[in-house]
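As they're listed, the protein sequences go chains A and B. The numbering of the first sequence is my numbering, which starts it at 124 and goes up by one. The numbering of the second sequence is my numbering, which starts it at 138 and goes up by one.
Source of the hints: derived by calculation from the structure; they are not laboratory data. You may find that some hints are simply not true.
[What the hints assert, rightly or not] Each computed DSSO-like pair below joins lysine-lysine, with the alpha-carbon atoms no more than 30 Å apart: (1) A:K326 - B:K677; (2) B:K751 - B:K701; (3) B:K141 - A:K309; (4) A:K355 - A:K377; (5) B:K473 - B:K390; (6) B:K227 - A:K310; (7) B:K226 - A:K326; (8) B:K146 - A:K326; (9) A:K326 - B:K701; (10) B:K392 - B:K348; (11) A:K141 - B:K226; (12) A:K310 - B:K226; (13) B:K199 - A:K279; (14) B:K365 - A:K326; (15) B:K751 - A:K279; (16) B:K404 - B:K359; (17) B:K232 - A:K141; (18) B:K141 - B:K701; (19) B:K231 - A:K310; (20) B:K231 - A:K141.
[What the hints assert, rightly or not] Label-pair distances were calculated between CB atoms; the ranges are: (21) A:P358 - B:S622: 50 to 56 Å; (22) B:R225 - A:S365: 33 to 39 Å; (23) A:P129 - B:K199: 54 to 60 Å; (24) B:G228 - A:P358: 33 to 39 Å; (25) A:D169 - B:E772: 49 to 55 Å; (26) A:E426 - B:S622: 52 to 58 Å.
Glycine residues also receive a C-beta, built at the ideal position from the N, C-alpha and C atoms.
Chain residues, written in single-letter form:
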Amino acid sequence: MAKTVPFTGAQAAAYAMKQINPEVVAAYPITPQTSIMEEFSQYVADGDVDTEFIRVESEHSAMSATSGASAAGVRAMTATSSAGLALMFEIVGVTSGLRLPVVMNIVNRALSAPINIHCDHNDSMACRDSSWIQIYSENAQEVYENTLLALRLAEKVLLPVMVMQDGFITSHSVENVTLQDDNTVKKFIGNPPERPHLLDIEKPITIGPLQLFDYYFETKRQQADAMEQAYKEYPKLAKELSDITGTNHGFFEKYRLDDAEAAVITLNSTAGTAKAVIDKMREKGKKVGLLKLRLFRPFPYKEIAKALEKIKSIAVLDRSESYGANPPILAEIKNALFDSSSKPSVQSCIFGLGGRDIWEKDIEKVFDDLLAGKINSTTKYIGLR
Amino acid sequence: MDIKELMSKPVRLAPGHRSCAGCAFPIIVRNVLRASDKPVVVANATGCLEVTTTIYPFTSWKVPFIHSAFENAAATLSGVERAYMALRKKGQIKKEIKFVAFGGDGGCYSDDTEIFTEKGFVNVKKLKVGDKIWSVNPNSNELEITVAEKMFKYKVDGNMVRVKTRFMDYFVTPDHNVPMWYKGKWKFIHARDLLTRYKTMSLRSFLWTGKKIKYYYPHKIKQIKNQKVYNKFPIRSWLRFLGWFIAEGTLYKSKSGYLIRIYQSNKKGRNEILKILKELGINAFECSRSVDFHSKQIYYILHQEVGKYSKERRIPRWILQLEKSLLKEIYITLMKGDGSSSVQKGRSNPHLRYITSSERLMNTFVELVFKLGFNCQVSKRKDGCYSVGISTIHLKHIIYSRRNIYKKQGTKQVKEEKYKGFVYCPQLKKNHTVIIKRNNKICLNGNSYDIGLQSISGTLERGHDILYVCYDNEAYANTGVQRSSATPFGASTTTTPYGKVHPGKETHRKDLTKLIAAHNIPYVAQAAVHNWQDLVMKAKKGFEVDGPAFINVLSPCIPGWKIKPDETIDISKKAVMSRFWPLFEIENGEYNLNFRVDSPIPVEEFLKPQGRFKHLFTPENRHIIDKIQSHVDKEWDKLLKLCNEL
């Protein structure tokens, strides 16, 4: 039987890990990911999981040990944020290059310098080319379900998956989360697939060889194919999960978008705020809507272009910058719209860097400007003093 | 192990790899992998070994092999080992599998010990980085302040060494450095050596120089009408006065003024106090049991510097910076005020004792006593007062005898004791000696050194059941022979080439084996490629031991050392025969020399065949060879002592 509990995003992630019961978890603490690991440590200490928990001495070693364990053929997970993700960056690429189905929870936090513990998306966005599947979560409920979905997807296509949530905003705030019972989850995640691994002594394999210009390119093409496959498998697995939990798990969520004249595109917790604003404005008769991204890699260009077909004006809200170029979400949206016959006006907005709050009135102003046609090519910085 | 038996074992690293002709590591890897009949999983860091054996689509490895990145072989293997343990626990794997990582390059107090810091005695658990600690400079024998740079804490469950004499008590790990005064200078020995080799030693007095001043200039304040203003005091008289005041003085503030009173029921004592006050120019009057005078100025000075209430009394810091003869002045009158002496039956020297209720005074008094060259014991009485027992005679003895023995002989005062708990190690910026107090006894003691190496260190500390083999080719060979921390002194590499100004590498190499030994893992060893019997024996032990094991193997490199492909084995032999690369093991902390070289060849015979040392064979660089030789000799002596091979 499913039960509803008051959980933070961190607790939700830890509970999903508990139900998955990976054989190995190797992690190093960093704010605001620490809560996930501390929750999980208690499960380990109480014997609620069989996991071998390696308390490594750095994030670089965390990803090394996690990928070592995954290469040994078992389920391996970890979690980190910000500078930790930056430190493990070398091995992030190694993990996806070695096609290891690792699942990692990322609690989004700003990168240094300056040093800041609060939320923005520059950490995970910096890894968007690393060949990891990336799924963003609006709230604790989505964190819980995305983690379970991530494992199925990773094991289906043999690519590692990152599941994101906003640091402090989602990770440390309590919400109602509906948890599925252990048997339902066990059935959904199933058994890990048969794959070649290090502990198969009868059939020894060499993992991580040297590949030069004569073979490297082909290996990387195989990785791109795996991403293509992930794009095809995601909706199938998402539907399977949606049928169990009732939560929508499409590529993205359309909130009152179909007849909207102005739309906002964003991801993670800000989508929740936007939904509240949309409801208020709709009551006043304004036709506004939201497109909330979930799957960021692989990016569903075709589906997004279709969803935005009839929208007249769009504001893209990025909680990260790509200095000297279009911010990440804007770049992808413009890409998607390039081949589309309809050409809505697009306003780029940057907000929330380093944890600067975004308020309902800020989003209301964004919609009002869109509806009034006040759109230009200059990036709007929301909430900048 | 018989060579025929060895050669009949399955080959786990197949021929057909791309390492240089004459390269040592295929020999090393094959020998190590022959040492266990159990299935083996190999992890490898980026380097010559990995690059030459796994060039896609071929692989030379007939066993499961993983390469992840440059600096994380140990961490990667930790993950593999834990995955194996997880599956074993679930019963999904029944086979026993061994894990080995091949990588190229890349003493403590029990928790009831107190360390003497600037603020007095502090429990070693409470020490923090940045704390100022008293220590003795082993070269000048001077008492100096140093700074705690790092704090280490280890769990111990086993034997530690307990040294207990009348004036000394310490309880430390067997490898703890103990300072010893021998033949006119300080040296450090291991605590465990006290069990077998050396008689216990006493504390020696240290040198304290300190400042010389002639006058004390009292701070001036807004005066009461008609009261005398004091401008300067002769320092000796002031110190003598302070001693009396700290011990027996009180301050009273009332309508009639600011009163300073020194209690003294003894007439002789009162006369002496009056004499001192006269020297200071202070008009005092004698009462039946005290000597009194009024002065707002002096009242405030005493209040601020020495403390009004008895519990907060202390010796002002500026006085503790002064030189010995001045310190003696205040010491004498302090003892006259609060001290006592008693003669015990059968002893000729009186036992001096100082009693105070103020912790600060106790700490500053102890500092005073050390600087004067005495030793003391501190105990807390039932009434909460501190009793400082002073020995002036004990410090005269600093004789040690070195016993030439091969059997273990304990002494009454030194023994092994079981300890289960944490031990603490402050790492000091310099001197590596501290003054410790335990069970009220205070003595000088030694300190421990640094630990590096992230991934290996973490893996060793967590206790994974893996064998780490470092094939030491003494440079970053794979990327073109740049220098590493394993490169020996004087070697020419591509980042430390021999040039007009700098003759190769100018720092000595890291002693990795001893560094690893400091992790207290069950098995550490140093081996070389030419002695295959020794290497296989060590690899066998490493595989069989329960927990982490580490072997550092000398691996000559043809392009790196600039030798001919057929010289690998010969140069490895020369490395061992010149004592440059000793072969030894450390099993559960016990050092064991595997190959004793009594008639060594000069180290230049090892250096000469190598092109990387060619530049040293000129008259102007001769001194570098001499330096290398003396370093090798020193390290060999150190090692002999550790191995108890004298």
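Do the hints match the structure? See the list:
Taking the CA atoms of K326 of chain A and K677 of chain B, the gap is about 24 Å. The hint holds against a cut of 30 Å. For the given pair, K751 of chain B sits about 14 Å from K701 of chain B by alpha-carbon distance, which is consistent with the 30 Å threshold. Restraint check for K141 of chain B and K309 of chain A: not satisfied, since their Cα atoms lie roughly 54 Å apart, outside the 30 Å limit. For the given pair, K355 of chain A sits about 20 Å from K377 of chain A by alpha-carbon distance, which is consistent with the 30 Å threshold.
Proposed proximity of K473 of chain B and K390 of chain B is supported: the alpha carbons are some 26 Å apart, at most 30 Å. Restraint check for K227 of chain B and K310 of chain A: the C-alpha separation of about 19 Å stays at or below 30 Å, so the hint holds. Simply put, K226 of chain B and K326 of chain A have alpha-carbon atoms about 22 Å apart, close enough for the 30 Å limit, and the pair holds. Simply put, K146 of chain B and K326 of chain A have alpha-carbon atoms about 19 Å apart, close enough for the 30 Å limit, and the pair holds.
Simply put, K326 of chain A and K701 of chain B have alpha-carbon atoms about 38 Å apart, too far for the 30 Å limit, and the pair is violated. For a cut-off of 30 Å, the pair hint linking K392 of chain B to K348 of chain B is broken: about 40 Å separates their Cα positions. About 18 Å separates the Cα atoms of K141 of chain A and K226 of chain B, which keeps this hinted pair within 30 Å; it holds. Under the criterion of a C-alpha separation no larger than 30 Å, the hint pairing K310 of chain A with K226 of chain B is consistent with the structure, at around 23 Å.
Between the alpha carbons of K199 of chain B and K279 of chain A the distance comes to roughly 29 Å, so the proposed pair stays at or under 30 Å and holds. A C-alpha spacing of about 100 Å is found between K365 of chain B and K326 of chain A, which places the hinted pair above 30 Å, so the restraint is violated. Proximity of K751 of chain B to K279 of chain A is assessed by CA-CA distance (about 59 Å); at most 30 Å being required, the pair is judged violated. For the given pair, K404 of chain B sits about 35 Å from K359 of chain B by alpha-carbon distance, which is inconsistent with the 30 Å threshold.
Note on K232 of chain B and K141 of chain A: the hinted pairing holds, with a Cα-Cα distance of about 28 Å set against a maximum of 30 Å. Note on K141 of chain B and K701 of chain B: the hinted pairing holds, with a Cα-Cα distance of about 28 Å set against a maximum of 30 Å. Restraint check: the Cα-Cα separation between K231 of chain B and K310 of chain A comes to about 27 Å, which is no more than 30 Å; the hinted pair holds. Proximity of K231 of chain B to K141 of chain A is assessed by CA-CA distance (about 25 Å); at most 30 Å being required, the pair is judged to hold.
For P358 of chain A and S622 of chain B, the Cβ-Cβ distance of about 53 Å falls inside the hinted range of 50 to 56 Å, so the restraint holds. At about 38 Å, the CB distance of R225 of chain B to S365 of chain A agrees with the hint of 33 to 39 Å. Taking 54 to 60 Å as the suggested C-beta distance range, the pair P129 of chain A and K199 of chain B conforms, at roughly 55 Å. For G228 of chain B paired with P358 of chain A, a C-beta distance near 38 Å keeps the hint of 33 to 39 Å intact.
At roughly 50 Å, the beta-carbon separation of D169 of chain A and E772 of chain B lies within the given 49 to 55 Å, and the hint holds. At about 54 Å, the beta-carbon gap between E426 of chain A and S622 of chain B stays in the expected band of 52 to 58 Å.
Consistency note: the structure conflicts with the earlier hints numbered 3, 9, 10, 14, 15, 16.
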